[in-house]
Every structure is written in C-alpha cells, then in structure tokens.
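*Asks:* Sequence:
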Amino acid sequence: MARATGAQAVINGGYFDAYSRDGVADPYHTLVVNGWPQSLGSVGSVLAIAPDGTAQVERGNPKITGTVGGRSFYLYRVNHTPGASVAALYTRAWGARTGLAGSYVRIDANRRVIDKGEGDVAIPDGGGVLLFRGSDGSQADRFRPGDQVQWSLKMPNMRRPDVWTENSVWIGCGPMLVRGGQVDCNPTAEGFTSSRVAGSQTRSAMGVTGDGRVVFVASAGMFAQLAQTMKALGCTEAIGLDGGASSGLWANGSSLRGEGRQVSHGITLVPR
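Taking our numbering, I'd label the letters of the sequence shown as residues 55 to 326.
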C-alpha cells in the first residue's frame with residue numbers, strides 16, 4: 055500500500071470481520087473519501103479531517119439519505135455482505151462486480167444513473183452500484199436512466215458542521231480518545247464491550263494536533279492509557295483503531311510494527 059500510494063506513513067484502519075467464513079472481510083466502521091462512502095459503521099466514533107487540517111471526532115455514525123428526480127431514498131449498508139433485505143452502495147472497494155442478487159442501479163462518478171437491472175453487474179470505475187432487495191427492493195423503482203442522484207451524510211452530533219462535508223475525509227472506528235483537547239474515552243458507551251477488545255493489548259490510534267498535523271501511534275495497553283498518550287502528543291482530536299494482530303505501522307520506508315494478519319483497509323499519509 056505504501057509503495058502504491060507514495061505514502062510517507064501507513065497505519066491499519068478500523069475493525070473488520072477477520073474470521074469470515076466466506077473470505078469477505080466486511081469492515082465494521084465508517085469511511086468516506088471524496089464524498090463517496092466506502093463503508094458505513096454502526097458502533098464507535100468517526101474522525102473527520104477537513105482539507106485545511108481542521109479535525110473533529112464525534113460519537114455515533116452517519117445516516118445516508120438522498121433524492122433522485124424529486125423522490126427520496128435511503129441507504130444503510132456500504133460495501134458490506136447483504137442480508138435478505140438491503141439498501142446498499144457498492145464501489146470498486148468491493149470489487150470489479152457486485153456478485154449479488156437484487157435490483158441494481160448503476161451510477162457514474164458524477165452520480166448520474168447509467169442503467170438499472172437485476173443481478174450481478176460490473177461496478178463503474180469512479181462510480182458505484184445501488185442495490186435494493188427484499189423489503190427495500192421497491193426503492194429501485196424511484197431511479198431512471200439519466201437521473202441525477204444526490205445524497206447527504208449526517209452525523210448525529212456535530213460541533214462544527216462545516217468540518218463534516220464531502221470535502222473532508224471521514225474515518226470511523228473507536229473509541230474516541232481525545233475531544234476538544236481533553237481526554238474523552240468511554241469504550242462501553244460506544245459498544246466496545248468484548249474483553250478481547252477492551253483489555254490490555256497492542257493498539258493503534260490516529261489523531262490531529264491543533265495546527266493540523268496528523269499523528270499515527272502504535273502502542274500497547276488499555277484504551278485509557280492510549281488516550282493519555284494521544285493527548286500528550288498534542289492531539290486535540292483522536293480516535294482508536296483496530297488492535298491486536300491487526301495493529302501495524304509503517305513510516306519513512308521502515309516497518310515500525312508489522313501486523314500479524316492481513317487487514318481489510320489502511321490509512322495512508324501522502325505528502326502533497
């Protein structure tokens with residue numbers, strides 16, 4: 055990943071289904087890049103970083119609502135193995151094709167409807183496929199070729215709505231570690247209750263300082279200790295990432311901590 059992107063540093067991302075029986079490592083947390091959701095979480099927190107380096111972390115996860123031709127629609131899955139009913143978006147992060155049954159709507163990079171149909175379909179490069187089935191299947195009827203699709207992502211809590219825009223990068227995981235320059239860490243409140251996750255172990259985290267510098271950390275210990283570390287490093291906003299065997303950190307051409315398994319996604323720091 056580092057070589058492919060020219061990154062100065064790379065760290066592992068959020069939690070994912072590391073023990074999947076079908077080989078699909080579904081991510082569990084939110085990720086939004088260039089206005090396109092790549093994953094949508096249900097637990098933890100989300101860190102948003104604006105182009106000017108302003109950052110904020112908030113508990114909760116965004117909801118996706120949209121309109122097409124004056125008609126409303128909603129999505130609650132992104133690049134995730136669907137159930138019998140689903141309203142989801144699939145991008146090239148999922149693969150070249152959906153490989154899924156259901157009613158699809160293909161949209162291009164400008165979010166205009168290309169075509170619609172049923173079953174497996176190629177995912178447009180730079181665009182995506184909306185998939186509806188089961189009790190959500192009728193939503194596909196609201197889309198017509200040529201229609202302009204619009205959507206919005208809204209966090210339940212936002213101190214600065216101007217940071218939570220499509221121009222920002224949204225990175226989800228958790229728990230929250232530092233908020234507004236102060237330690238604010240409550241794993242249980244965010245759904246991190248498993249002893250395997252909450253106990254002392256190898257951990258990764260990322261944060262942003264008051265002057266916009268991004269900080270990657272791989273350490274060991276409890277969440278509370280990691281929160282204190284991130285504050286001591288000058289982070290005004292910080293969030294925990296996946297840990298244990300997933301924890302990995304690479305910087306300036308060297309592996310500082312090698313992960314013990316393949317991960318579903320990573321976070322790169324690329325010089326401008």
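Keep in mind that the hints were calculated from the coordinates and are not lab data.
One should not assume that every hint holds.
Stated by the list, open to error - Restraint ranges, calculated between C-beta atoms of paired labels, are given here: (1) Ser308 <-> Met276: 23 to 29 Å; (2) Arg267 <-> Met212: 32 to 38 Å; (3) Thr322 <-> Lys117: 51 to 57 Å; (4) Gly173 <-> Gln282: 31 to 37 Å; (5) Asp265 <-> Arg198: 32 to 38 Å; (6) Met212 <-> Ala138: 30 to 36 Å.
It should be emphasised that the depicted structure is a prediction, and the values quoted were computed from it without experimental measurement.
Cβ atoms here follow ideal geometry from the backbone N, Cα and C, with glycine treated the same way.
*Asks:* For the hint 32 to 38 Å, verify it against the beta carbon of arginine 267 and that of methionine 212.
*Replies:* Between arginine 267 and methionine 212, where Cβ atoms are some 23 Å apart, the hint is violated.
*Asks:* For serine 308 and methionine 276, compare the CB-CB distance with the range 23 to 29 Å and indicate the outcome.
*Replies:* Since the Cβ atoms of serine 308 and methionine 276 sit about 27 Å apart, the hinted range of 23 to 29 Å holds.
*Asks:* Within 32 to 38 Å: is that where the Cβ-Cβ distance between aspartate 265 and arginine 198 falls?
*Replies:* 48 Å, violated
*Asks:* Starting from the hint 30 to 36 Å, judge whether the C-beta atoms of methionine 212 and alanine 138 obey it.
*Replies:* 33 Å, holds
*Asks:* Is the distance from the Cβ of glycine 173 to the Cβ of glutamine 282 consistent with 31 to 37 Å?
*Replies:* 52 Å, violated
*Asks:* That 51 to 57 Å hint for threonine 322 and lysine 117 (C-beta), does it hold up?
*Replies:* Between threonine 322 and lysine 117, where Cβ atoms are some 27 Å apart, the hint is violated.
This entry does not satisfy hints 2, 3, 4, 5, going by the numbered hints stated previously.
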